[in-house]
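Below, each chain spelled out in residue letters.
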Amino acid sequence: MDRPDNVLEIRGLVKDYASVRAVNEVSFDVRRNTVHCLVGENGAGKSTLIKILTGAVGRSGGRILLNGREYAPRSPREARQRGISTLFQELNVVDQLTVAENLSLGREDTTLGFLRRTDKVQRMVGVMNSLEPSIDPRQRVSTLSVAQKQIVEIAKAVAAESEILIMDEPTAAISEGEIARLFAIVKRLRERNVTVIYISHRLDEIFELGDAVTVMRDGRHVATRPLAEVKDRAELIRMMLGKAVFEGYQARPAGSREVVLQVKGLSNRKLQDVSFEVRRGEIVGFYGLVGAGKTELARAIYGADPHRGEVLFQGVPLPRRPDQVIEAGIALVPEERRSQGLFTILTVRGNVPVMNMARISRHGFIRAGEERRATREAIRRLRIACSGPEKEAAKLSGGNQQKVVFAKCLFADAQLLLLDEPTRGIDVGAKSEIYAIIRRLAEEGKSILVFSSELPEILSLCDRIHLLYDGAIKGTLENGAGVDSQEVMHVVTGGR
Amino acid sequence: MDTAAVDQGSVQVGPAAGRLSNESFITFFMIAVLIGLFGMACAFVPNFFLPRNVLNLLTNYWYIIILGIGVTFLLVTGNFDMSVGGNVALTGVVAAWACQAAAASPNPLAVGLGLPYGVAVALALCCAVGVGAVNAFFIVRLRVPSIIVTLGTMMLSRGLAQVITRGAQRNTSLPEVFGVIGNTFLPGTPVKVAVLIMVALVAVASVVEKATVSGRRTYLIGANAEAARLSGLKVGQHVARLYLLSGLLAGITGILLSSEFKAGVSGRASGYEFDALVITLLGGVSISGGFGSVLGMFVGAIILSVVTSAATGLLLSPDWQFTLKGVVTFLAILAQRFALDRRNG
Chain A
18 MDRPDNVLEI RGLVKDYASV RAVNEVSFDV RRNTVHCLVG ENGAGKSTLI
68 KILTGAVGRS GGRILLNGRE YAPRSPREAR QRGISTLFQE LNVVDQLTVA
118 ENLSLGREDT TLGFLRRTDK VQRMVGVMNS LEPSIDPRQR VSTLSVAQKQ
168 IVEIAKAVAA ESEILIMDEP TAAISEGEIA RLFAIVKRLR ERNVTVIYIS
218 HRLDEIFELG DAVTVMRDGR HVATRPLAEV KDRAELIRMM LGKAVFEGYQ
268 ARPAGSREVV LQVKGLSNRK LQDVSFEVRR GEIVGFYGLV GAGKTELARA
318 IYGADPHRGE VLFQGVPLPR RPDQVIEAGI ALVPEERRSQ GLFTILTVRG
368 NVPVMNMARI SRHGFIRAGE ERRATREAIR RLRIACSGPE KEAAKLSGGN
418 QQKVVFAKCL FADAQLLLLD EPTRGIDVGA KSEIYAIIRR LAEEGKSILV
468 FSSELPEILS LCDRIHLLYD GAIKGTLENG AGVDSQEVMH VVTGGR
Chain F
11 MDTAAVDQGS VQVGPAAGRL SNESFITFFM IAVLIGLFGM ACAFVPNFFL
61 PRNVLNLLTN YWYIIILGIG VTFLLVTGNF DMSVGGNVAL TGVVAAWACQ
111 AAAASPNPLA VGLGLPYGVA VALALCCAVG VGAVNAFFIV RLRVPSIIVT
161 LGTMMLSRGL AQVITRGAQR NTSLPEVFGV IGNTFLPGTP VKVAVLIMVA
211 LVAVASVVEK ATVSGRRTYL IGANAEAARL SGLKVGQHVA RLYLLSGLLA
261 GITGILLSSE FKAGVSGRAS GYEFDALVIT LLGGVSISGG FGSVLGMFVG
311 AIILSVVTSA ATGLLLSPDW QFTLKGVVTF LAILAQRFAL DRRNG
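Going down the list, the sequences are from chains A and F.
Take 18 as the starting number for the first sequence in our numbering and just add one per residue.
Take 11 as the starting number for the second sequence in our numbering and just add one per residue.
Any given hint could turn out to be false.
[To be verified] Below, simulated DSSO-like cross-link-like pairs (lysine-lysine); rule was C-alpha separation at most 30 angstroms, straight line:
1) F:Lys202 <-> F:Lys335
2) A:Lys491 <-> A:Lys448
3) A:Lys281 <-> A:Lys412
4) A:Lys248 <-> A:Lys412
5) F:Lys272 <-> F:Lys244
6) A:Lys448 <-> A:Lys412
7) A:Lys248 <-> A:Lys204
8) F:Lys244 <-> A:Lys412
9) F:Lys244 <-> F:Lys335
10) A:Lys287 <-> F:Lys244
11) F:Lys244 <-> A:Lys281
12) F:Lys220 <-> A:Lys412
I should point out that these hints are in silico values taken from the structure, not numbers from a laboratory.
Every value quoted in this text rests on a predicted model; they were computed, and no experiment measured them.
For reference, chain A alone in the conformation it holds in the complex (with noise of 0.2 angstroms):
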């Protein structure tokens, strides 16, 4: 059979979501036999991207060939059956079988659905072995390491004869050691006819098993090169960046100098010995990719998860409870709005005021004409758009959720807010509306912490940013007309 040079070829997809262009007019090949790496800073539509490839969300238009055939699977079971595997985070096995049996899971022998032995077990077994002989094939997977999950997860899709194997972030999870592993089983498959595609945010990985680099930026494709040609990280980092446009930060005047927050050798299970100070009006950024520790610091500050260390909120221990930290003064807004923030359910009225009951309520009992006029008041001051405050919360949209979220924050009459991705899946007009509030409420003299992965974001709103990279601060900058976002980029991409 003539097979093509190129196993993958992609011509002018898209995919539309209902108000965004998540992937647009992208076109660029995937040359056989190789490990081509995908980059690009989150929301640039690398995720969207394999989801096509795998069968998860159909496309809006354009055209892939595999092996010079249309591919358009209908489920990620057509993309298995066309030779499309995944090796996705969250891993696909089952941890109460053994290896052997997770390795035919799925594809067994069967005479009228009962099992038959056959020597396929022992085939793929043996396609196991090859990658990595320490794996004893009758061990139960919940016995085995994240990384050597994956590895079974790898034999799975060799011995299936998958030509095609797209890793999303492997090295995420697992320790320095197993990446090493793990580097050399990926280099390996190229010699079993296996072209993988990897997608990673730690550059220094890309250099080291890439064969080439696609690079994508706002749902477009940048630029595919054989990484022969790339001269080094910079480099790379110009192309994900591109011109960043975002609102330009103005510099504030310098407020009191009156320290609010002193955080000091914060530590737990994914932050290593964070420190830092934050003053009376200030707004202060910590950027880093996904997983770079931000969501777990917004929570071990609020006291939502167990740490070590020592947090001082205006010169006094910050207790480790959500509902004394507010008390003392602080409020989050949580990374994720419907499943943490805002009560669906319920109308405005009945979430405004749930972070401070007091104010609404005597000797326990809720004064309804101070609640409705508490209510009217937040809706009118960020200019929630709803019919009033009976209007059910689930119907608004996701920038009328996210100010109920902030309403509620406002309510408890906080000093200091965390805001774990304030912007997170709203539209451009609301996301300028809320850069607004929160201005205003430094203005107005209270601190603001930003967590966010949108370094546009980060570098409109913030006076300092600190930068967060595998739980840790790896570098702080003033913002100002000095700042290098490629430096920025270098530094949360694990660059030293």
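Guided by the hints, dock chain F onto chain A, whose structure is given.
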């Protein structure tokens, strides 16, 4: 005029502000179902409309309704309490045992602790709240699913009642006072004091539910427990208190029922936990929490009452009662879901 509407041009077009909330809608819907069923029963069952019968319909299930208050609050937070039936039996048995004369007797089931009635009642209520505390400990502290824990304490409490009564009942050598509260009627009426207690409890519970911070917390926890925690609610503490309350209500029911029969019977109140759950669901409480009301639960109880007494009136064999109850419950809850979905598009 709504200030928000003046303030910005882009107000979303929504329903009129005077529209009923979904919860009131469901309560009215179930009242309509009740009236429909009642009308049908009046048409087919002789003498159904007599005031005496109507009064019975409203008061028959006082004990299920008292239990339903605790079950409703808990279900609104997304938790079950299946232990209330067993708890009623245990409380009744403990009250009787504590009250029985301590004098030696050839019949071991006639020998009790010889405590004064007031102390016996207090002891029994402590037991009932204790069962609630066990529920709370496992569910809140150890995070075991509530359905598992309360099915366990359901059997545990009934089991203890059986041990204390050797599988039967304690009805001898009880003081006269033991039978008073359960058999006293309001002067000049056929209405028992127990019914009055039920009405008072429903009224208080409805106020607590709608007008207090504590009632609001119950809904917030059911609507989104994680958001509630991150909004500073003491979720565990609140749910624990509701289990203690549910235990106390089961205790009150147990005291009243044992007094009515002047006996502590270990087999009493079997299946009441299911009846309490059924009327709660009939009343529109969502099985996934965050939605429902005590008043709705009350309407649900009356629906159940109409259906069972109509069946009796039609001379339907008692064997069929359970089946009929099942069918009506199922249909009513389906109708409810259907109406709510239609309404919300």
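Do the hints match the structure? See the list:
1. F:Lys202 <-> F:Lys335: holds (26 angstroms)
2. A:Lys491 <-> A:Lys448: Holds, at roughly 28 angstroms.
3. A:Lys281 <-> A:Lys412: With Cα atoms ~42 angstroms apart, Lys281 (chain A) and Lys412 (chain A) exceed 30 angstroms; violated.
4. A:Lys248 <-> A:Lys412: violated (50 angstroms)
5. F:Lys272 <-> F:Lys244: violated (42 angstroms)
6. A:Lys448 <-> A:Lys412: Measuring from Cα to Cα gives roughly 19 angstroms; hence the hint holds.
7. A:Lys248 <-> A:Lys204: holds (22 angstroms)
8. F:Lys244 <-> A:Lys412: holds (28 angstroms)
9. F:Lys244 <-> F:Lys335: violated (38 angstroms)
10. A:Lys287 <-> F:Lys244: Roughly 26 angstroms between the alpha carbons, so the hint for Lys287 (chain A) and Lys244 (chain F) holds.
11. F:Lys244 <-> A:Lys281: holds (28 angstroms)
12. F:Lys220 <-> A:Lys412: Status holds; Cα separation ~23 angstroms.
Violated hints, listed in ascending order, are 3, 4, 5 and 9; each of the other numbered hints is respected by the structure.
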